[in-house]
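*Asks:* Position chain Z relative to chain P; hints supplied.
Protein chains in written order, with numbering that gives the first Met the number 0: chain P, 0 to 85; chain Z, 0 to 85.
Keep in mind that a hint or two might mislead.
As the list claims (entries may be wrong) - In silico BS3-like links for lysine-lysine, alpha-carbon gap of 25 Å or less:
1. Lys-56/P / Lys-41/Z
2. Lys-11/P / Lys-5/Z
3. Lys-41/P / Lys-5/Z
4. Lys-56/Z / Lys-11/Z
5. Lys-41/Z / Lys-5/Z
6. Lys-41/Z / Lys-41/P
7. Lys-56/P / Lys-56/Z
8. Lys-5/P / Lys-56/Z
9. Lys-41/Z / Lys-11/Z
10. Lys-5/P / Lys-41/P
11. Lys-41/P / Lys-11/Z
12. Lys-5/P / Lys-56/P
13. Lys-11/Z / Lys-5/P
14. Lys-41/P / Lys-56/Z
15. Lys-56/P / Lys-11/P
16. Lys-56/P / Lys-41/P
17. Lys-11/P / Lys-41/P
18. Lys-5/Z / Lys-56/Z
19. Lys-5/Z / Lys-56/P
20. Lys-5/P / Lys-41/Z
21. Lys-41/Z / Lys-56/Z
22. Lys-11/P / Lys-11/Z
It should be emphasised that the hints constitute simulated quantities derived from the structure, not laboratory data.
Number of protein chains: 2
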Amino acid sequence: MTYLAKIYVTLKPAVSDPAGQTVLAALRRMGHESAQDARIGKYLEIRISGDAPDSVKAAVDQMCRELLSNPVIEDYRFDLEEIATP
Amino acid sequence: MTYLAKIYVTLKPAVSDPAGQTVLAALRRMGHESAQDARIGKYLEIRISGDAPDSVKAAVDQMCRELLSNPVIEDYRFDLEEIATP
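Next comes chain P alone, as it looks inside the complex (with noise of 0.2 Å):
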């Protein structure tokens, strides 16, 4: 089978986001005073092939923590989701 990870990558909230800060500003500067906080981060679609959901969501646990996420500053949460065989 064939599953679909959607993994978000968020820096941790006590960590300073200069780029979220920039595009703040920039949202100001457009007209969207409104705008009141951005912070940026990654948002990756892995699809991987398994037979268990367990075992699949193991594997992208173990790849959010030893490549896709810094542990220091990031925090990652993921969604599976089962696709049809591409």
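*Replies:* Okay, now just chain Z, sitting in the frame of chain P:
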């Protein structure tokens, strides 16, 4: 009221993603041979004040079109949720 817009910016399917291919190659080299494809996008959280959800939605849509995505190569979508005033 304060809303949180969760914005997902992804490359259009026809656009090649060298960063994603690099991540895929790294995952496979690390033993995750079950990984078949990887695409990298952006995930933004924007806190925005407003009254009617419809007008906030329209503002976020405009932000996405004018600043947060490149409509030539990227798609975007977003969810809007009401959050407690911080």
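*Asks:* State for each hint whether it applies.
*Replies:* Tested hints:
For the hint linking Lys-56/P to Lys-41/Z, the alpha-carbon distance of about 22 Å falls within 25 Å, and the restraint holds. In summary, the hint linking Lys-11/P to Lys-5/Z is supported, as the alpha carbons are separated by about 16 Å, within the 25 Å threshold. For a cut-off of 25 Å, the pair hint linking Lys-41/P to Lys-5/Z stands: about 12 Å separates their Cα positions. Between Lys-56/Z and Lys-11/Z the CA atoms are separated by roughly 22 Å; this keeps the pair inside 25 Å, and the hint holds.
About 11 Å separates the Cα atoms of Lys-41/Z and Lys-5/Z, which keeps this hinted pair within 25 Å; it holds. Note on Lys-41/Z and Lys-41/P: the hinted pairing holds, with a Cα-Cα distance of about 5 Å set against a maximum of 25 Å. Among the hinted pairs, Lys-56/P with Lys-56/Z is inconsistent with the structure: their alpha-carbon atoms are about 33 Å apart, more than 25 Å. Between Lys-5/P and Lys-56/Z, the direct Cα distance comes to roughly 23 Å. Compliance with the 25 Å bound is thereby established for this hinted pair.
At most 25 Å may separate the alpha-carbon atoms for a hinted pair to count; Lys-41/Z and Lys-11/Z meet this at roughly 13 Å. With a CA separation close to 11 Å, the supplied pair Lys-5/P and Lys-41/P stays within the 25 Å bound. A C-alpha spacing of about 16 Å is found between Lys-41/P and Lys-11/Z, which places the hinted pair at or below 25 Å, so the restraint holds. A threshold of 25 Å between alpha carbons decides the hint, and for Lys-5/P with Lys-56/P the separation of about 11 Å falls inside it, so the pair holds.
Taken as a hint, the Lys-11/Z and Lys-5/P pair is honoured in the structure, with Cα atoms around 16 Å apart against an allowance of 25 Å. Using a Cα cut-off of 25 Å, the hinted pair Lys-41/P and Lys-56/Z holds, with the two alpha carbons roughly 22 Å apart. Taken as a hint, the Lys-56/P and Lys-11/P pair is honoured in the structure, with Cα atoms around 22 Å apart against an allowance of 25 Å. With a C-alpha separation of about 19 Å, the suggested pair Lys-56/P and Lys-41/P falls inside the 25 Å cut-off, and the hint holds.
A distance of roughly 13 Å separates the Cα atoms of Lys-11/P and Lys-41/P; the hinted pair therefore holds under the 25 Å criterion. The suggested pairing of Lys-5/Z with Lys-56/Z holds, with an alpha-carbon distance near 11 Å, which does not exceed 25 Å. A distance of roughly 23 Å separates the Cα atoms of Lys-5/Z and Lys-56/P; the hinted pair therefore holds under the 25 Å criterion. Taking the CA atoms of Lys-5/P and Lys-41/Z, the gap is about 12 Å. The hint holds against a cut of 25 Å.
Taken as a hint, the Lys-41/Z and Lys-56/Z pair is honoured in the structure, with Cα atoms around 19 Å apart against an allowance of 25 Å. Using a Cα cut-off of 25 Å, the hinted pair Lys-11/P and Lys-11/Z is violated, with the two alpha carbons roughly 28 Å apart.
Hints 7, 22 from the earlier list are contradicted by this structure; the remaining hints agree with it.
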